[in-house]
Amino acid sequence: MHTAQDTFMAHVFYCEPSSGALCKTIEAACKLRYQKCLDAHPQGLGNPSTNVHTPGSSIGAALKSIVGSLRGRKSKSTES
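Numbering-wise, the sequence shown is residues 36 to 115 according to my numbering.
Please note: incorrect hints may appear among the correct ones.
What the hints assert, rightly or not - When the alpha-carbon atoms are kept at most 25 Å apart in a straight line, the in silico DSS-like pairs for lysine-lysine are as follows:
| hint | residue 1 | residue 2 |
| --- | --- | --- |
| 1 | K59 | K71 |
| 2 | K99 | K71 |
| 3 | K66 | K99 |
| 4 | K99 | K59 |
The hints are simulated quantities; they were obtained by calculation from the structure and are not laboratory data. All values reported here derive from a predicted model rather than from experimental measurement.
Start from the sequences and build out the full structure, keeping to the hints where you can.
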């Protein structure tokens, strides 16, 4: 996340036993933020549902993939 001081911050979460619920929550928050942005900056007089590409389940799939790969790395490091 970008801060006002022109630095970047990363947040890491660890969930036991599954990160699925966390991914769904983050996905919903991202979609809500995106929708607020679209509402604040309309694209003209046409039907907004046909003019705007909204993010689908790809955000959730990407988050699950990232969290899953991080979780896999953690389990491999504990096995060694």
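Open item on the list: Given the hinted pair K59 and K71, is their Cα-Cα distance within 25 Å?
Closed with: holds (18 Å)
Open item on the list: Between the alpha carbons of K66 and K99, is the straight-line distance 25 Å or under?
Closed with: holds (16 Å)
Open item on the list: Does K71 sit within 25 Å of K99, going by the straight-line distance between their CA atoms?
Closed with: holds (24 Å)
Task: Given pair status - K59, K99, alpha carbons within 25 Å - done: Measuring from Cα to Cα gives roughly 9 Å; hence the hint holds.
Comparing the model with each earlier hint shows no violations; every hint is respected.
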